[in-house]
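> Going down the list, the protein sequences come from chains A and B. The first sequence: position 85 = 85 (the working numbering), numbered continuously. The second sequence: position 209 = 209 (the working numbering), numbered continuously.
Source of the hints: derived by calculation from the structure; they are not laboratory data. Please note that the accuracy of each hint is not assured.
Over the 12 Å line for every Cβ pair with chain B, so calculated as not near, a few chain A residues [what the hints assert, rightly or not]: (1) Glu-72; (2) Gly-78; (3) Ala-120; (4) Ala-223; (5) Pro-283; (6) Glu-295; (7) Ala-403.
With a Cα cut of at most 20 Å, we get these calculated DMTMM-like pairs of lysine to aspartate or glutamate [claimed, not checked]: (8) Lys-74(B) to Glu-36(B); (9) Lys-106(B) to Asp-76(B); (10) Lys-74(B) to Asp-151(A); (11) Lys-74(B) to Glu-277(A); (12) Lys-319(A) to Asp-151(A); (13) Lys-143(B) to Asp-239(B).
Every residue gets a Cβ at the ideal spot worked out from N, C-alpha and C, and that includes glycine.
Chain residues, written in single-letter form:
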Amino acid sequence: MANPFIIALGKGIRALARLRGSGAGGGSALPGLVVERLSPQFATRILERLPHGVVLVSGTNGKTTTTKAVAELLASQGMRVFTNNTGSNFMRGVISALLARVTLLGRLDADIAVLELDEAHAVRFVQAIRPRYALLLNVMRDQLDRYGEIDRTAQFLATVAEGTEGCVVANREDRRIAALCSRGSLRASLRWFGLAPDLRARFPQDDDLWVEGRHEVPASAEAQPDADVVLCEAEGSRVALLVAGEEGRLHADLALKGLYNAYNAAAALAVARAVIEGEGLGPPCTRELMRALQEVRSAFGRGEAVCVDGHSVELLLVKNPGGFRLALDSFDAAGHLTMIAINDNTADGHDMSWLYDVSFVGLRATGVAMVSGVRGFDMALRLAYDGVPVEAVECGLRSALDAFLALPSELPRRIYCTYTAMLELRRLMAGKTPIEKVS
Amino acid sequence: MALSTAEPLVICHLYPLEMNIYGDHGNVQVLVRRCELRGIPVRVEAYHPRAAFPARVDLLVGGGGQDSGQVRVKDDLPRVAGQLRELVASGVPALVVCGTYQLFGKRFITVAGEDIEGIGVFDLHTVGGAERMIGNIAIETSKFGTVIGYENHSGATLLGVGAQPFGTVTSGMGNNGDDGTEGVFSHNAIGTYLHGPLLPKNPRVADFLIAAALARRSNALGDGPGELAQELAPLDELDALAERARAVALTRPR
Chain A
1 MANPFIIALG KGIRALARLR GSGAGGGSAL PGLVVERLSP QFATRILERL
51 PHGVVLVSGT NGKTTTTKAV AELLASQGMR VFTNNTGSNF MRGVISALLA
101 RVTLLGRLDA DIAVLELDEA HAVRFVQAIR PRYALLLNVM RDQLDRYGEI
151 DRTAQFLATV AEGTEGCVVA NREDRRIAAL CSRGSLRASL RWFGLAPDLR
201 ARFPQDDDLW VEGRHEVPAS AEAQPDADVV LCEAEGSRVA LLVAGEEGRL
251 HADLALKGLY NAYNAAAALA VARAVIEGEG LGPPCTRELM RALQEVRSAF
301 GRGEAVCVDG HSVELLLVKN PGGFRLALDS FDAAGHLTMI AINDNTADGH
351 DMSWLYDVSF VGLRATGVAM VSGVRGFDMA LRLAYDGVPV EAVECGLRSA
401 LDAFLALPSE LPRRIYCTYT AMLELRRLMA GKTPIEKVS
Chain B
1 MALSTAEPLV ICHLYPLEMN IYGDHGNVQV LVRRCELRGI PVRVEAYHPR
51 AAFPARVDLL VGGGGQDSGQ VRVKDDLPRV AGQLRELVAS GVPALVVCGT
101 YQLFGKRFIT VAGEDIEGIG VFDLHTVGGA ERMIGNIAIE TSKFGTVIGY
151 ENHSGATLLG VGAQPFGTVT SGMGNNGDDG TEGVFSHNAI GTYLHGPLLP
201 KNPRVADFLI AAALARRSNA LGDGPGELAQ ELAPLDELDA LAERARAVAL
251 TRPR
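For reference, chain A alone in the conformation it holds in the complex (with noise of 0.2 Å):
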């Protein structure tokens, strides 16, 4: 059982730290950080006890949304889902979020855990706790001052893959993520969740980042496997699912924007499915899914649309090229004013190399109109390289962030943003407006 001390400390640590940073986000995984230290084997007893066991989600992109999505959707269903739900993606962020959730008799009351965890955090998490099921979305360069290499990310999410006991959702798209699913080694069922041929060239793989513009995709020479869910159109908000057993084609109109969330959704949908078959939970109904789907919003900092001092203020975190690229080629630059703020924190990574490997010239109509952060003049000197015009270079967020707001106009205001700088103008808009906190 777990030391009511402990949890009553972790609990006390964790109101310090909600006090002191006012702003929403701020401090989440320290609580966590002690009670790891104090009692390493603290979420294995409390997720061990669980009923459905625990969904892991990891990759390098749409980690935090997807995990929303999955816990919405089985929600719908009238399950109770315990989620990390502050992109806090290190075993200490889970454990935060512990801390909120048990009592100090370290009860949960939930019948699922839907977790998500950074690559390296996920080997060490199977390595404790064996998930039931593993949702694996894409391995794209990132943080290379932290893990070195691709390669090795793709190794740390073959370990999750085969530390799974129920069912591995992997992307059917993503090379290196088919490469080690297709090995003969899990010991879990494999489902997949894929793109439409056509709208496979819209999503960029690792090794294709260096290629100017959209990149070719040779027809497909090989047969591919069948995928459980596949996203086939998605215009703007609306989106078209083929599932399996379900005829036709099923539509929705996401609240969640951006192509690359349109393909979160799916691979939401496809582990909710495995989900409820899996747990024998009776067939899924597809459709009731589809319409939990639709109300699914994004996450903190992932596109969140906020009014300030009167202008609608959307957050995109982007921590890596892939990422960055998916992202500005699901946004229209046209009707917006842009910013963007590069940070070079532990959290952004120290290495600004990975601007090179993102293109920009999709902003050369508009321009940008603030660049900010730490590194903002390496991120003027990138776009300047790009051809995009740049309206002012402010390192500093706050000063930054006024002057964007105060332009004389009424565009909606669009701001891409590393994670430090994400939480960083996030606490700055909270001291102007009520923002909804996250736990």
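Let chain A serve as the given structure and place chain B on it in line with the hints.
For chain B alone, kept in the frame of chain A given last:
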């Protein structure tokens, strides 16, 4: 500068699919853009494994790769080793970073003890280590002043007795973390661990490569010794941004 020919400058990008891990495409992009802005016609020719080597090359660029990419490259390099050695010896400017830098040396001994023969463009060898040398790096060079970048490598490179380093490390690890050297400079070729990519924040290095390529070509055409960098038109707007980005980079923790 009057170009003696309308023939574009040919930049040969070595193994762009295998060796591109640290935004290496950015180095090529900077060279192209700095030529275009000055009205210098320029063309990039990618060289892929087993393909035909470009008939004419004015400038060579190669990047860093993952182990898997590097394996494909080391198998192909011997095919073109003779051409590459000849090009560099004849003064063709080159910038090779990280993995390509290592393979341009004499040998590479991996952590597992495998002994890989390099193509010997540079007098150096590299020994793989368990520790990665990662972080912001600054070096002092006699030719370009302070050069700034980011390093991420596990190989320790040792220069041969006569080899000149690209620079001396002022902050960071450099070739091996021990002897204070970074990279190598030979003829007009630079081998280095600095990415970032290197050229955007170090425009003097970029212009040296372009000027050396132009000079060598006008020599070949019998126009006498080519005039070097001072003849290249200044690119004030880009270089002012680079100056600000450099100033910030120098203040960042390793």
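> Each hint: holds or not?
How the hints compare with the structure:
no.: 1; hint: Glu-72; verdict: holds, 37 Å
no.: 2; hint: Gly-78; verdict: holds, 46 Å
no.: 3; hint: Ala-120; verdict: holds, 15 Å
no.: 4; hint: Ala-223; verdict: holds, 25 Å
no.: 5; hint: Pro-283; verdict: holds, 42 Å
no.: 6; hint: Glu-295; verdict: holds, 39 Å
no.: 7; hint: Ala-403; verdict: holds, 17 Å
no.: 8; hint: Lys-74(B) to Glu-36(B); verdict: violated, 33 Å
no.: 9; hint: Lys-106(B) to Asp-76(B); verdict: holds, 15 Å
no.: 10; hint: Lys-74(B) to Asp-151(A); verdict: holds, 18 Å
no.: 11; hint: Lys-74(B) to Glu-277(A); verdict: violated, 49 Å
no.: 12; hint: Lys-319(A) to Asp-151(A); verdict: holds, 18 Å
no.: 13; hint: Lys-143(B) to Asp-239(B); verdict: holds, 17 Å
Comparing the model with each earlier hint shows violations of hints 8 and 11; every other hint is respected.
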